[in-house]
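Q: The chain contents come next:
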Amino acid sequence: MTRVPLRPLARILEAREQGGDPDAIERENKHRRHEEMRDRARLRAEGRLLVLAAMFFCAFVTVGVRMGMMSSSVPSEPRAYAPGAQISQTRADIVDRQGRLMATNFVTHALYAEPPNMVDPKYAAAELAKIFPDLEEDKLLAQFTGTRKFLWIKPQISPEQKQAVHDIGEPGLLFGPREMRLYPNGPVAAHIMGGARYGEQAVQAAELIGVAGIESAFNERLSDPARAGDPLMLTIDLTIQAAVERVLAGGMTVMNAKGAAAILMDVHTGEVVSLASLPDFDPNDRPSPLTTGFDPSESPLFNRAVQGVYELGSTFKIFASAQALEMGIVNPDTMIDTRGPIRWGKHRINDFHDYGAQLSVTDIIVRSSNIGTARLAQQIGAANQRAFLDQLGFTKPTAIQLTEASGAKPLLPSNWSELSTMTISYGHGMSASPLHLATAYASLLNGGTRVTPTLVRTGPVAPGPRVVSERTSAISRDMLRQVVSADHGTASFAEVEGYRVGGKTGTADKPKPRGGYYDDKVIATFASVFPADDPKYVLIVTLDEPVVTILNEARRTAGFTAVPVAAEIIRRVAPLLGLKPEIEQPGPLGVTLTSN
Amino acid sequence: MMRSAFYVLATLAVMGLGYWAYVENYKTQHALDQVEDLQREIGTMREKLVVLKAEWAYLNRPDRLRDLAEMNYDRLGLLPLAPEQFGKVDQIAYPQEEDDLPFLASDDSIDVQGNLVGTIDPSPEGEDFP
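From first to last, the protein sequence lines stand for chains C and S. Read in order, the letters of the first sequence correspond to residues 1 to 596 in my numbering. Read in order, the letters of the second sequence correspond to residues 597 to 726 in my numbering.
Do not take every clue at face value.
What the hints assert, rightly or not - Using 27 angstroms as the maximum straight-line C-alpha spacing, the simulated DSS-like pairs for lysine-lysine come out as follows:
(1) S:Lys649 - C:Lys536
(2) C:Lys580 - S:Lys684
(3) C:Lys162 - S:Lys649
(4) C:Lys122 - C:Lys149
(5) C:Lys510 - C:Lys396
(6) C:Lys162 - S:Lys644
Claimed, not checked - Okay, the calculated beta carbon distance ranges per label pair:
(7) C:Thr458 - S:Lys649: 39 to 47 angstroms
(8) C:Phe175 - S:Tyr618: 36 to 44 angstroms
(9) C:Thr253 - S:Arg636: 18 to 26 angstroms
(10) C:Ala226 - S:Tyr603: 32 to 40 angstroms
(11) C:Thr395 - S:Arg671: 54 to 62 angstroms
Since the hints were made in silico from the structure, they are not lab data. Backbone N, C-alpha and C define an ideal beta-carbon position, used for all residues, glycine too.
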């Protein structure tokens, strides 16, 4: 740039000659130079502004485009985030008390078809019918050539079947991954497990829903993704459950019964170690419920131990004697009038045999006298009896974690009259499930604290509220022991050497559906506790319509049917429970020495 | 002079940092890919583990074990655990002093049924369990 001098000599000289002011020229030139400088500065500033504007524009465009891209794209997990352990599990496993697997998930595939993509529907239908014998070729072909765009063919198939379908080479046959619920033990503990089915189905996944038993009761817990890696631990012991089911099935066959149930419960905690109901089913292939018109108890799905609400007969007598003892009305050797029959309106209360004029309270239990128990109940009174049975849990459905349990409400008399009081004292006129009976026996015999039946292990269980005193509990156990050990006891077949079994039999006539009772159909129950002096377990065995022929005589009473089965179960199971047989000391237990 | 040197250095620094960022970015991508692969592998492994566990449980189901025990009774002689099989401490043949007599003869121990084959000395209570 050529620099213009502020005082050009030519003009200064000219101005001096003409008498002008040379400073004016300098000022003028300075002014001109400043104007030039200003113009240049403005131009530069404008340029900078332009660059700045362009940069802002670019930044906003970038942000805008990114936002647009994000809003229109499929969201994805940030890759750097490493998830924890659970990747494949969707439903938690169920294990037994030793951690052995009882239910787990298994990845299989569902087969579906997209007919528009099919190349040779005829061949595909023929091949599919060969792989799956239950599918009909004509039906498949009609579906493949119809208007449908999508159809499920099989909800779950095995890997071999998948390979076979794959080998057809039909692009319109597709597989969706499926998680299948697997019960590796088959029918063992079927009624506890219940079963599962698919809920909402999509191509890539399907929801598993529990339909019965523990699967249904703990559906939310089991399908909670946060706890999927944490198996649900039951109180059931698989080995013992299998042994109990085996012996019970044998007993059911020998006793010609049409159904059977057994419950083995820890006396102190209420933990159910085994709960069996026969006939059973395979939860992997759960049969559909019977259609209407049938008695629900005919179905193998019916859980007799929990849902079977029956009159439980003489097993109830111990409650009457225990309450009478607890209230201080009697002592074990108080004599009670057993002359019969007791007449009450048109009803008569009779004994199986005539036991003479009077029996001690212990003998009433040992010989199972209805009249004697009814006399005790008369002294107890209706209100007291009801309150006691309520404490033992007989007025509400059991709290066990099976969906079926909430429906099994005990049947109580609408009007709890004195007659009801007397009949209930020997187990007639009110109905309850075997599980109710197990809970009540455990509560009464464990030293007198109430237990709540449970199927889920949740750590140590604190003893419940007191139901009866230690003394009453011990006397009751001693009475039950004598039922088994005494020569004239009704359950002498229950003697298992070394385990000091105590128990009470109960035989109740089955009610007809239209009222009244059958003469030749009974429910035989044996409620037992072992060892009687240091109670550990309560075992309830119930046989439905048992009959055995001994010396050409049909026997139905529990002493000949349920009792031998229970004894065999104890013989098999007690060693598995880790109970060591102990030889009983001869002579009465210290407990019987309590005097008035 | 100082100025231009500073500019050159700054440019070089920017280029260097750019290259470093580029390399780090690719390293990160690679690591993420590896993590993804590993997680997929863990997933398949877990699936396999579940299958193996299920198979183990299936093969060890009580019904099958019982049938196997019955089938192989001749060879194994397995019976359900019975109360008689509980022994007493003094029924067990303890190892004796080395220089003394050898171990008790084999028929002094308890056989599978829990029956006492021979008599053990000294064990006066040994007859409680037939």
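Q: In ascending order, which of the hints set out earlier in this document are inconsistent with the structure?
A: Violated hints (numbers, rising): 1, 7, 9, 10; every other hint is consistent with the structure.
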